[in-house]
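Assemble the whole structure, with the sequences as input and the hints as a guide.
Protein chains in written order, with the numbering used here: chain A, 1 to 393; chain B, 1 to 383.
Hint data in this document are derived by calculation from the structure and do not stem from the laboratory.
Check before you lean on any hint, since a few could be wrong.
Distance ranges between label pairs, derived from CB positions [as the list claims (entries may be wrong)]:
{"no.": "1", "chain 1": "A", "residue 1": "Ala325", "chain 2": "B", "residue 2": "Gly60", "range": "31 to 37 Å"}
{"no.": "2", "chain 1": "B", "residue 1": "Arg198", "chain 2": "A", "residue 2": "Pro93", "range": "33 to 39 Å"}
{"no.": "3", "chain 1": "A", "residue 1": "Thr111", "chain 2": "B", "residue 2": "Val222", "range": "52 to 58 Å"}
{"no.": "4", "chain 1": "A", "residue 1": "Ile136", "chain 2": "B", "residue 2": "Leu9", "range": "55 to 61 Å"}
{"no.": "5", "chain 1": "B", "residue 1": "Thr61", "chain 2": "A", "residue 2": "Thr187", "range": "33 to 39 Å"}
{"no.": "6", "chain 1": "A", "residue 1": "Val385", "chain 2": "B", "residue 2": "Ser252", "range": "45 to 51 Å"}
{"no.": "7", "chain 1": "A", "residue 1": "Asp247", "chain 2": "B", "residue 2": "Asn247", "range": "43 to 49 Å"}
{"no.": "8", "chain 1": "A", "residue 1": "Val385", "chain 2": "B", "residue 2": "Thr138", "range": "32 to 38 Å"}
Straight-line Cα separation of at most 25 Å, SDA-like style, residue types lysine to any residue; simulated pairs [what the hints assert, rightly or not]:
{"no.": "9", "chain 1": "B", "residue 1": "Lys142", "chain 2": "A", "residue 2": "Leu357"}
{"no.": "10", "chain 1": "B", "residue 1": "Lys142", "chain 2": "A", "residue 2": "Leu342"}
{"no.": "11", "chain 1": "A", "residue 1": "Lys351", "chain 2": "B", "residue 2": "Ser152"}
{"no.": "12", "chain 1": "A", "residue 1": "Lys280", "chain 2": "B", "residue 2": "Ala193"}
{"no.": "13", "chain 1": "A", "residue 1": "Lys351", "chain 2": "A", "residue 2": "Lys118"}
{"no.": "14", "chain 1": "B", "residue 1": "Lys369", "chain 2": "A", "residue 2": "Ile150"}
{"no.": "15", "chain 1": "A", "residue 1": "Lys280", "chain 2": "B", "residue 2": "Arg97"}
{"no.": "16", "chain 1": "A", "residue 1": "Lys175", "chain 2": "B", "residue 2": "Ile334"}
{"no.": "17", "chain 1": "B", "residue 1": "Lys369", "chain 2": "A", "residue 2": "Phe243"}
{"no.": "18", "chain 1": "B", "residue 1": "Lys142", "chain 2": "B", "residue 2": "Ala160"}
{"no.": "19", "chain 1": "B", "residue 1": "Lys142", "chain 2": "A", "residue 2": "Gln360"}
{"no.": "20", "chain 1": "B", "residue 1": "Lys181", "chain 2": "A", "residue 2": "Lys118"}
{"no.": "21", "chain 1": "B", "residue 1": "Lys369", "chain 2": "A", "residue 2": "Arg242"}
{"no.": "22", "chain 1": "A", "residue 1": "Lys351", "chain 2": "B", "residue 2": "Leu340"}
{"no.": "23", "chain 1": "B", "residue 1": "Lys59", "chain 2": "B", "residue 2": "Ala193"}
{"no.": "24", "chain 1": "A", "residue 1": "Lys280", "chain 2": "B", "residue 2": "Gly328"}
{"no.": "25", "chain 1": "A", "residue 1": "Lys351", "chain 2": "B", "residue 2": "Val356"}
{"no.": "26", "chain 1": "B", "residue 1": "Lys369", "chain 2": "A", "residue 2": "Tyr323"}
{"no.": "27", "chain 1": "B", "residue 1": "Lys181", "chain 2": "A", "residue 2": "Leu319"}
{"no.": "28", "chain 1": "B", "residue 1": "Lys142", "chain 2": "A", "residue 2": "Val341"}
{"no.": "29", "chain 1": "A", "residue 1": "Lys175", "chain 2": "B", "residue 2": "Gln187"}
{"no.": "30", "chain 1": "B", "residue 1": "Lys369", "chain 2": "A", "residue 2": "Asn148"}
{"no.": "31", "chain 1": "A", "residue 1": "Lys118", "chain 2": "B", "residue 2": "Ala193"}
{"no.": "32", "chain 1": "B", "residue 1": "Lys181", "chain 2": "A", "residue 2": "Gln322"}
{"no.": "33", "chain 1": "A", "residue 1": "Lys118", "chain 2": "B", "residue 2": "Phe134"}
{"no.": "34", "chain 1": "A", "residue 1": "Lys351", "chain 2": "B", "residue 2": "Leu94"}
{"no.": "35", "chain 1": "A", "residue 1": "Lys280", "chain 2": "B", "residue 2": "Ser152"}
{"no.": "36", "chain 1": "B", "residue 1": "Lys142", "chain 2": "A", "residue 2": "Leu254"}
{"no.": "37", "chain 1": "B", "residue 1": "Lys369", "chain 2": "A", "residue 2": "Leu319"}
Just so it is clear, CB atoms sit at the ideal spot from N, CA and C, and this is done for glycine as well.
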Amino acid sequence: MNTTPRRNRSRLLIETLIVVAIAIAMMTVVPGLLNAVGQSFRVGLLGRFMALAIAALGIDLIWGYTGILSLGHGLFFALGGYAFSMFLQLQPPPGATGLQLPDFLVLYGVTDLPWLWKPFESLPFTTIAIVLLPTIVAAILGYLVFRNRIRGVYFSILTQAALIVFFNFFNGQQKLINGTNGLKTDTTYLFGQVMSSPTMQANFYYLTIVLLALAYGFCRWLTSGRFGQLLIAIRDDEPRVRFTGYDPTVFKVLVFAVSAGLAGIAGALYTVQSGIITPKAMDIAFSIEMVIWVAVGGRGTLVGAVLGTLIVNFARSLLSEQYPAFWLFFQGALFLAVVTVLPDGFVGWFKTNIPELVRQLTSKTKISTYPSLENNPDLDYERQVVSDRKSDR
Amino acid sequence: MWSALVDGLFSGVSIGSVLLLSALGLAIVFGLMGVINMAHGELMMLGAYTTVLVQGTLKGTPLFDSYILFALIASFIVTALFGLLLERTVIRYLYGRPLETLLATWGVSLMLQQFVRSVSWEFIIGTTIAIALFMGGTIGIKRIPAKFRDVSTAGIGLVAGTIALQISNALGNMYGLFMTKPWFGAQNQDVTAPQWLRGGLKLGFVDVQFSYVRIFIIVLTVICLAAVYFFLNRTQWGLRIRAVTQNRSMSSCLGIPTDRVDALTFAVGSGLAGIAGCAVSLLGSVGPNTGQNYIIDTFMVVVVGGVGNLVGSIVAALVIGMSSYLYGTFAGQIPVIQDLSKAIGIDLGAQTMAKVVVFALIVVFLQFKPGGLFPQKGRTVDA
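So, in structure tokens, the structure goes:
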């Protein structure tokens, strides 16, 4: 019994080392490699997709582990993105001092900074808001919904409706957050540097990797302990969890809020790397796409969420370069295939089939202590007799 | 004053009837199988495009004046057949997994959106060849041991796709524009209402014009409701559908072919979506994204109305339609809202806020009635 914690600890150590090694490789080797083959724009894409992978981790927490399907994560993604870009809009360009009104506000003839913008002048507040704003919104929505034991597709539809509501709201508020046009970040300044400059982008690329690794570690920690077991229990049989004396509502609200916070971080990182945030981030399609990243990688496995995001998004950018019309067909087929043929995604497929394959390749070493049922002569005889008897009739 | 009120009521009812018409099929399907069909909006779009096709076909013939009636029938048949196909090929395998069904139907809806954009003779021929080859191939590999089947199926898919792509490309090069020109393309198509539906009805006592198209849609909704009611309550298959809705396993034990009931219900629900799409096409132009504009609202109708209850859907649709219209039109003029808007610096009276307010109301409503207006009675599975 004493060995179990120690073995766990050493496995944990190995996993940490692997994650750190991959992260360092992503920072040093991969950009150089891509630059070498003349695909340097893919480095930027990689950074963005890794930001999306953070959101995918959140989706995996609620969908893969807890069985809650949220179709409204674009909302939290956008909230994070908007929070950060509002901060950036207020930063003065080098040389200028004092309060800087965003250009579009000047265009609309607004002279005073709206109160909503005021807190976003401070970096600490913004940093907290990126995580906390989506978390709070999700917690409120989740509490109101889960409290009444509304779940399953009902919950999915409600999150989707919430998404549409915020989409309309953001679209309509021209004088507050520039409506449909969204907020641009690539021409803004941070610490005296323009955001679209290569050094700034490289910094955010590194930051994304670090945060992705941290988010992975956080989710790993959440799902490995008793909390994780509870989440899985809620997914598999919620009434029974309730009968054993737990209140699933608390845990569901908690995990929904956490995943929203992750989506917020992802939104902020994605926004600065793509240069703009618009209400389009709250498109229905985008939010459902997040689910498919997780599904392709393998739900209920954190590695799957990250891998799935990278695979699907790179497939998308490659395919839509070649055949723009076919991407939607491909994506639709992906939804169908993942649901019907590959319910556990790639990682699940590998997990079930690779050991099998390895065993087949090295079948000589198969130990036959117990004859398997297929080779059991008695059973074969019995089957023969039974089928003979049937054919007699 | 009176005219404004009557106008508001009429517009609210007409919006509500569009909602109801599009939610009707969804509500039946959801009630029966607990399946949310994300492709419902795209089925509506399919119906709308069928209307465009029928209109184009009948142009110049004496039947053109009443093309809308043919279009209604055609849309119903087309979407019902498509729904049947969808149920038999995809949804049947996903019963008991509502979230997966949701994702799968979303995939179907994406494909349908792109389908109407890029459908052309070349495309149709290519797809047919690909499907035929793939089907033939999968039948051919039935004898291959199970462990290689995944890989070989994927391989056959790849080969079939490549061959079909080559053939259709060759055909496109041979026949040129006739083959490659998309039927609809990405741009919106316009449906012009027939002569007798243009203009509006004027009543003496109020200064309001009741547009004929909207009256037509209201009447159509009433007819569809009556037909559905008759079908569910007065026919044998309707009885079976209601039985399966109430208790699937017991119905199955008593010999009701639940399999066929599912297929039939899904087909009827899809057909109703087609009719809704035909009606919607009269209100504005038809595009690949037409369906997307309606799904959320129709889902809300189903959520608020409760499962398996026509009355709930009717009330919910009317209330949602009415309240969003009234709020969008009049909220800007109410002093309290104006003051509040000024105080917090957000324009609460804007038309876009109507959806926000209605959604907030729905969430509040669900606090008191989580099961909708008319929840199913009896001991349900939810402990």
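25 Å Cα cutoff - pair Lys369(B), Asn148(A): 9 Å, holds
Cβ-Cβ distance between Asp247(A) and Asn247(B): within 43 to 49 Å? 30 Å, violated
With a cut-off of 25 Å on the C-alpha distance, tell me whether Lys175(A) and Ile334(B) pass. 21 Å, holds
Do the beta carbons of Thr111(A) and Val222(B) sit within 52 to 58 Å of each other? For Val222(B) against Thr111(A), whose Cβ atoms are near 54 Å apart, the range 52 to 58 Å holds.
Straight-line alpha-carbon gap Lys142(B) to Gln360(A), limit 25 Å: 22 Å, holds
CA of Lys369(B) to CA of Leu319(A), is that 25 Å or under? 47 Å, violated
Pair hint Lys369(B) and Arg242(A), alpha-carbon separation not exceeding 25 Å: 21 Å, holds
Are the Cα positions of Lys175(A) and Gln187(B) separated by 25 Å at most? 31 Å, violated
So the hint says 45 to 51 Å: do the beta-carbon atoms of Val385(A) and Ser252(B) match that? Violated - the Cβ-Cβ distance for Val385(A) and Ser252(B), about 35 Å, lies outside 45 to 51 Å.
Given the hint that Lys142(B) pairs with Leu357(A), does the C-alpha gap stay at or below 25 Å? 21 Å, holds
Verify the proposed pairing of Lys142(B) with Leu254(A), using a straight-line Cα cut of 25 Å. Measuring from Cα to Cα gives roughly 48 Å; hence the hint is violated.
Mind checking the hinted window 31 to 37 Å against the Cβ distance between Ala325(A) and Gly60(B)? 32 Å, holds
Checked against the numbered hints given earlier, this structure breaks hints 2, 4, 5, 6, 7, 12, 13, 15, 20, 22, 25, 26, 29, 31, 33, 35, 36, 37; the rest are met.
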